[in-house]
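Okay, so the sequence shown: first residue is 907 according to my numbering, each after it adds one.
Because the hints were derived from the structure by calculation, they are not lab data. One or more of the hints may lead you astray.
So the derived label-pair ranges between C-beta atoms look like this [unchecked claim]:
| no. | residue 1 | residue 2 | range |
| --- | --- | --- | --- |
| 1 | Gln1000 | Arg1254 | 20 to 28 Å |
| 2 | Thr1036 | Ser1078 | 24 to 32 Å |
| 3 | Ala920 | Gly1255 | 24 to 32 Å |
| 4 | Glu935 | Lys1253 | 40 to 48 Å |
| 5 | Leu1065 | Trp1292 | 32 to 40 Å |
| 6 | Arg1254 | Asp928 | 39 to 47 Å |
| 7 | Asp1037 | Ser1078 | 42 to 50 Å |
| 8 | Ala1275 | Arg1006 | 36 to 44 Å |
| 9 | Arg1254 | Leu1065 | 37 to 45 Å |
| 10 | Ile1148 | Pro926 | 35 to 43 Å |
Beta carbons: idealized from backbone N, C-alpha and C, even for Gly.
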Amino acid sequence: MAAVGTRLRASLSAHEARLPADKARQLLEQLRQAKAQESSVPLTAAQCRQRMRQALFQAHHHSDKAGSREVAAQQLLAAPGLYASLRRVLHELQQRAGDRLPTIAESPLRILDVGSSWGAGTLAAQHTWTDASFACALYDTWLQRAQAASQWLDARPQLVPRMGGDGEGAASRYDVVIAAHTFAGGVAAMHPSTWAWRLWQCTGRFLVVLEPGTVEGFAHVVATRDALLRRPDGDDAEDAVIARMIAPCPHSGACPLMAGPDGSKGDGSAASGCVSFCHFAQRYERDRLLQQYRRVDRERQLVNTSARNISNRRFSYVILERPSTESPPSSAAAAVAASRVVMAPQKRGGHVILPLCCSDGHVARHIVARSDGERHGYARARRAAWGELWPFPLPHRGRMR
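Hey, can you work out the whole structure from these sequences and the hints?
This is how it looks when you write it as structure tokens:
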């Protein structure tokens, strides 16, 4: 059990999730160049910073302009937090199922980065599998944004003109498909289940879907999950499984946090009766070069001024695997069966309350008391964190639903 427990820890420190310093400098330089091209007279350093802050403010408030300045400003705002959440998710994929990517050592790892805001998914993959060579591709409905991503990535990715198609076969699939903020960023302009099938047609082994940690983002993740985990009607055979769950769910049944007031499945909105939603958080350090632009201003009025150089990024995600003839290793099977801490643990004087999503498809309020000892993992419970897996046995003490 101890060996499995160490493998189930997939969290990253704030420093590990930090956007690399050279990439932060490159983002700033792109914004400076975009601002310099708009001015016919030389600007002082103070004037340049002021105009950069104005561009960031417009990007922060969803400006509909599509110039080079807006692209650079939105890239500067979105990249650090999105990179941190993608590093966390891909790190868990590496820990849970990285041994099922046998081509990493022999041939390039084929990555398709779908709308993940200026190549953040590609960059996170390169820093996750550091010993691998990559053949990367980008897809984005905003061509200028995809072109900006190809400028700041080390490996020049190929730009994909379209997503999925009925004529695409196994040869055109990618080892890992990363779809980040495709609904929040306006890339997926179709029904979530239809978009899920488009992504699945491009997936050779693993599909990673990440959305903001909001009710709407969670609903999009659940729609993708339901579309790809369901079996054909009347067929319960193992070979009828479309996709295999990797994370974060310890089961392949209906999400227990996605139900209406009558017990039927809802859509994740307040009207559907969804009182909670599954999301996680990753803390990351902001580069000092970017920190001065983190709090943007309008007419020289600062908004939310703060001297802290750390931030938390909340996200919802799902990792799915295309089933193969190979059986997963026993360690991977144990990881899937382990429960997941879906909310912040409540640590009391003599016990710890863990909100867990269990392998039986229910969310349970699990209490680990000091009197339970190490057999039930009391010391581990004192160190448990939101989002971790819980491999210890569960006495049935109280279900939240």
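To see whether the hints hold, each was checked on the structure:
1. Distance hint for Gln1000 and Arg1254: a CB-CB separation of about 34 Å, inconsistent with the stated range 20 to 28 Å.
2. Here the CB-CB span from Thr1036 to Ser1078 is close to 27 Å, well matched to the stated 24 to 32 Å.
3. Between Ala920 and Gly1255 the beta carbon distance is about 28 Å. The supplied range of 24 to 32 Å therefore holds.
4. The beta-carbon spacing between Glu935 and Lys1253, approximately 45 Å, falls within the hinted interval of 40 to 48 Å.
5. Range check, Leu1065 to Trp1292: Cβ separation about 37 Å, and the 32 to 40 Å hint holds.
6. Judged by the Cβ atoms, the range 39 to 47 Å given for Arg1254 and Asp928 holds: they are separated by roughly 45 Å.
7. The given range of 42 to 50 Å is broken by Asp1037 and Ser1078, whose C-beta atoms sit roughly 26 Å from each other.
8. Checking the proposed 36 to 44 Å range against Ala1275 and Arg1006 shows it holds: the Cβ atoms sit about 38 Å from each other.
9. Taking 37 to 45 Å as the suggested C-beta distance range, the pair Arg1254 and Leu1065 does not conform, at roughly 54 Å.
10. One distance hint, 35 to 43 Å for the beta-carbon pair Ile1148 and Pro926, holds here, with the actual separation near 37 Å.
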